[in-house]
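Q: In case you want the letters, here they are:
Protein chains: 2
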Amino acid sequence: MINKLNNTISSKQPIGVFDSGYGGLTILDELIKSMPEYDFIYLGDNARAPYGTRSFDVIYEYTLQAVEKLFSMGCQLVVLACNTASAKALRTIQQRDLPRLAPNRRVLGVIRPSVEVLGSLSKSKHVGVLGTVGTVRSESYLMEMAKLYPDFIVTQEACPTWVPLVENREFENEGGRYFIKKHIESLMAKDELIDTLILACTHYPILQNEIRKVLPDHIKLISQGNIVASSLIDYLERHPEIDEVCSKQGMLKFYTTESISDFEEKASVFLKRELKAQHIALN
Amino acid sequence: MINKLNNTISSKQPIGVFDSGYGGLTILDELIKSMPEYDFIYLGDNARAPYGTRSFDVIYEYTLQAVEKLFSMGCQLVVLACNTASAKALRTIQQRDLPRLAPNRRVLGVIRPSVEVLGSLSKSKHVGVLGTVGTVRSESYLMEMAKLYPDFIVTQEACPTWVPLVENREFENEGGRYFIKKHIESLMAKDELIDTLILACTHYPILQNEIRKVLPDHIKLISQGNIVASSLIDYLERHPEIDEVCSKQGMLKFYTTESISDFEEKASVFLKRELKAQHIALN
Chain R
184 MINKLNNTIS
194 SKQPIGVFDS
204 GYGGLTILDE
214 LIKSMPEYDF
224 IYLGDNARAP
234 YGTRSFDVIY
244 EYTLQAVEKL
254 FSMGCQLVVL
264 ACNTASAKAL
274 RTIQQRDLPR
284 LAPNRRVLGV
294 IRPSVEVLGS
304 LSKSKHVGVL
314 GTVGTVRSES
324 YLMEMAKLYP
334 DFIVTQEACP
344 TWVPLVENRE
354 FENEGGRYFI
364 KKHIESLMAK
374 DELIDTLILA
384 CTHYPILQNE
394 IRKVLPDHIK
404 LISQGNIVAS
414 SLIDYLERHP
424 EIDEVCSKQG
434 MLKFYTTESI
444 SDFEEKASVF
454 LKRELKAQHI
464 ALN
Chain H
184 MINKLNNTIS
194 SKQPIGVFDS
204 GYGGLTILDE
214 LIKSMPEYDF
224 IYLGDNARAP
234 YGTRSFDVIY
244 EYTLQAVEKL
254 FSMGCQLVVL
264 ACNTASAKAL
274 RTIQQRDLPR
284 LAPNRRVLGV
294 IRPSVEVLGS
304 LSKSKHVGVL
314 GTVGTVRSES
324 YLMEMAKLYP
334 DFIVTQEACP
344 TWVPLVENRE
354 FENEGGRYFI
364 KKHIESLMAK
374 DELIDTLILA
384 CTHYPILQNE
394 IRKVLPDHIK
404 LISQGNIVAS
414 SLIDYLERHP
424 EIDEVCSKQG
434 MLKFYTTESI
444 SDFEEKASVF
454 LKRELKAQHI
464 ALN
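Protein sequences, first through last, are from chains R and H.
Each position in the first sequence, counted from 1, maps to that position plus 183 in this note's numbering.
Each position in the second sequence, counted from 1, maps to that position plus 183 in this note's numbering.
Excised from the complex, chain R in its bound form (with noise of 0.2 Å):
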């Protein structure tokens, strides 16, 4: 199916943006906001969400399925827009499975951009990462900031209980904010010179502001949705080619593996609007 499509290239297709499930909305909310004439296609693996705690090999596979099923649909450009596909999958993607799938396709991660500007903000060239266990025992945000900032201190903090806490909507209570705390307090307790943090899995601007509530005020806080916005508009500068077959009418398009009143339900909170999905199976 993919081949044929590859033959209709010239036809302008949606942006794909793939989360394994809600997160990818606050990067989505972000692109819808800075590029609102472009047309995106969400799709959200929310059947079998979490990533974040999986192995290496359940991660690649799902995603890439996911990668396949947005190319069936027309997509030239997908977006994935979880740290923890960006991490254990991207890669792999880009190296093995485009060159055989689409060649002329392309997709894109959220740690590059992401440790572009983290190195950019940092003055005291220490630096915090804050995500899943998936994230952060990947390595990808310190293999990423050796290449770009070799002389950063890079320190990494997993935070396992954060997505619970953000889909149960438990945060803004005192259970939520112990482990909220915990976690800061634990990663700044190896690193005392840390002056950025960056928010690296897509449900943790949800707890932005009680975050902010036990991070000394000196020190910055990066989310990535607007970084990821910034950094895709850039790329299709730089890539006529890709943006020429980019379809712009504003439109939006929802597909979740999961029960669609489910995800219209949680979807609508992340998203701030009402929206209508369809379901989409992935394996």
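No lab work stands behind these hints: they were computed from the structure.
Just so you know, not all the hints are guaranteed correct.
Copies of the same chain look alike in the list, so a pair counts if it fits in one copy or across any two.
[What the hints assert, rightly or not] Here are the simulated lysine to any residue pairs, SDA-like style, with alpha carbons at most 25 Å apart:
1) LYS195 to MET434
2) LYS449 to GLU340
3) LYS436 to HIS462
4) LYS449 to ASP334
5) LYS373 to LYS403
6) LYS431 to SER451
7) LYS365 to ASN351
8) LYS455 to PHE354
9) LYS459 to ARG295
10) LYS449 to GLN339
11) LYS364 to PHE354
12) LYS365 to VAL397
13) LYS436 to TYR361
14) LYS373 to ARG352
15) LYS459 to GLU244
16) LYS455 to MET326
17) LYS365 to GLN391
18) LYS449 to LEU284
19) LYS396 to GLU353
20) LYS373 to PRO219
For this one, chain R is given, so just place chain H on it according to the hints.
A: Using the frame of chain R, we list chain H on its own:
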């Protein structure tokens, strides 16, 4: 493959024990203690766990895949050691799929035996059910209680943070205790006459000590492991034709849809013993 295996029913086979993840190991632990001579195959769908928040359709589809896999491995009897799967998939599998797939095989759940004991232990006839969102929404406990004990008052409480607390071992601290206390108090506030509570999720027995600390002494707290074990022994006594095809060499096998090393590490904590697992694909 299933039809083929139906013809070889004469050979004795292990009992299949299925759970979405690790929680079912608390059931398996009791089965091994009570029925040490039987062989068991444990199958954990860890690559797609947890099921507790998923929709009916997804849980049914995933559970049926697991049952078919255990059948294809020869199991004549499968225990769904998962409340969410028992609540949302068991009835359809028993009524619609079994007659078609394997009329001589059996699939049992954990809810019916739990309800029998729950009703027998309560004097006030006011009982409480602590479970996942999926189990609570399914109302399976309410329906089973209404059949067996129609004059009882059953009150439910969904505890969506408890599975992540167990899986991340974050329950013996201030944050964990906040969420344990929150749901116990919320349930007791709904009905002060409750004298018996059931932990209707296989993860929750791990929280038993912490729950006991915030629960008034006169309230009985029931775990499912030994209930399911007693019920299974009773079932096999009443169905010698099924007991006859259960192999009895004290053998244990573990299969997971996740990475083997991740499973072996986490499962050994639940089962308090070292174990070797094999990878299996379900879709």
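Q: Hint by hint, note whether the structure agrees.
A: For each hint, the structure was consulted:
1. LYS195 to MET434: Within one copy, since 12 Å is at most 25 Å while 59 Å is not.
2. LYS449 to GLU340: Cα proximity of LYS449 and GLU340: across copies only (20 Å, versus 27 Å in one copy).
3. LYS436 to HIS462: For LYS436 and HIS462, only the intra-copy Cα distance (11 Å) is at most 25 Å; the inter-copy one is 36 Å.
4. LYS449 to ASP334: neither (42 Å within a copy, 37 Å between copies)
5. LYS373 to LYS403: Within one copy, since 17 Å is at most 25 Å while 44 Å is not.
6. LYS431 to SER451: within (23 Å within a copy, 53 Å between copies)
7. LYS365 to ASN351: Both, since 19 Å and 14 Å are each at most 25 Å.
8. LYS455 to PHE354: within (18 Å within a copy, 32 Å between copies)
9. LYS459 to ARG295: neither (31 Å within a copy, 38 Å between copies)
10. LYS449 to GLN339: between (29 Å within a copy, 22 Å between copies)
11. LYS364 to PHE354: both (11 Å within a copy, 16 Å between copies)
12. LYS365 to VAL397: So LYS365 and VAL397 pass the 25 Å test inside a copy (10 Å) and across (23 Å) alike.
13. LYS436 to TYR361: neither (37 Å within a copy, 39 Å between copies)
14. LYS373 to ARG352: between (29 Å within a copy, 21 Å between copies)
15. LYS459 to GLU244: This pair counts as between: shortest inter-copy Cα distance 23 Å, intra-copy 27 Å.
16. LYS455 to MET326: Classified as neither: same-chain Cα gap 35 Å, cross-chain 36 Å, threshold 25 Å.
17. LYS365 to GLN391: both (15 Å within a copy, 24 Å between copies)
18. LYS449 to LEU284: neither (33 Å within a copy, 36 Å between copies)
19. LYS396 to GLU353: Answer is both; intra-copy 16 Å and inter-copy 22 Å each pass.
20. LYS373 to PRO219: Answer is neither; intra-copy 41 Å and inter-copy 48 Å both fail.
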